[in-house]
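Chemist: Sequence:
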Amino acid sequence: MLEGDSATAADESGLDGATIERVAEMADVEHQTLATALVILHAELIGRHSNLEHSTDYVTVDGTRAYRVHQS
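Position 58 of the sequence shown, counted from 1, bears residue number 62 in the numbering used here, the numbering being contiguous throughout.
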């Protein structure tokens, strides 16, 4: 069961809590470490939203937008 930071990450990232737990176990990472990374990633992506919208290909399906990320 997710608690504390993990629950916040689930709320903020839109990911299911069970998914976060499963990925943390698969990657052999502490749940809290993954939760913190997801919160930071989410904030970074939100901050870059307008830049991505103007400079990157994207699609919107059922109200969810996905951006193409070019490999570097």
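Where hints are given, some of them may not hold.
What the hints assert, rightly or not - Here are the simulated distance ranges between beta carbons:
hint: 1; residue 1: Ser59; residue 2: Ala22; range: 21 to 27 angstroms
hint: 2; residue 1: Asp66; residue 2: Leu45; range: 20 to 26 angstroms
hint: 3; residue 1: Val27; residue 2: Asp66; range: 19 to 25 angstroms
hint: 4; residue 1: Ala70; residue 2: Arg26; range: 19 to 25 angstroms
hint: 5; residue 1: Arg26; residue 2: His58; range: 14 to 20 angstroms
hint: 6; residue 1: Ser59; residue 2: Met30; range: 28 to 34 angstroms
hint: 7; residue 1: Arg69; residue 2: Ala41; range: 17 to 23 angstroms
hint: 8; residue 1: Thr37; residue 2: Glu57; range: 29 to 35 angstroms
Calculated directly from the structure, the hints in this document are not laboratory data.
Built from N, CA and C at the ideal position, the CB exists for glycine as well.
Chemist: Each hint: holds or not?
Modeler: Verification of the hints:
A beta carbon spacing of about 34 angstroms between Ser59 and Ala22 contradicts the range 21 to 27 angstroms that was offered as a hint. A hinted range of 20 to 26 angstroms for the beta carbons of Asp66 and Leu45 is consistent with their spacing of about 22 angstroms. Between Val27 and Asp66, the C-beta spacing of about 23 angstroms keeps the proposed range 19 to 25 angstroms intact. The beta-carbon spacing between Ala70 and Arg26, approximately 22 angstroms, falls within the hinted interval of 19 to 25 angstroms.
Checking the proposed 14 to 20 angstroms range against Arg26 and His58 shows it is violated: the Cβ atoms sit about 35 angstroms from each other. One distance hint, 28 to 34 angstroms for the beta-carbon pair Ser59 and Met30, holds here, with the actual separation near 33 angstroms. The beta-carbon spacing between Arg69 and Ala41, approximately 21 angstroms, falls within the hinted interval of 17 to 23 angstroms. Checked against the given bound of 29 to 35 angstroms, the beta carbons of Thr37 and Glu57, roughly 30 angstroms apart, stay inside it.
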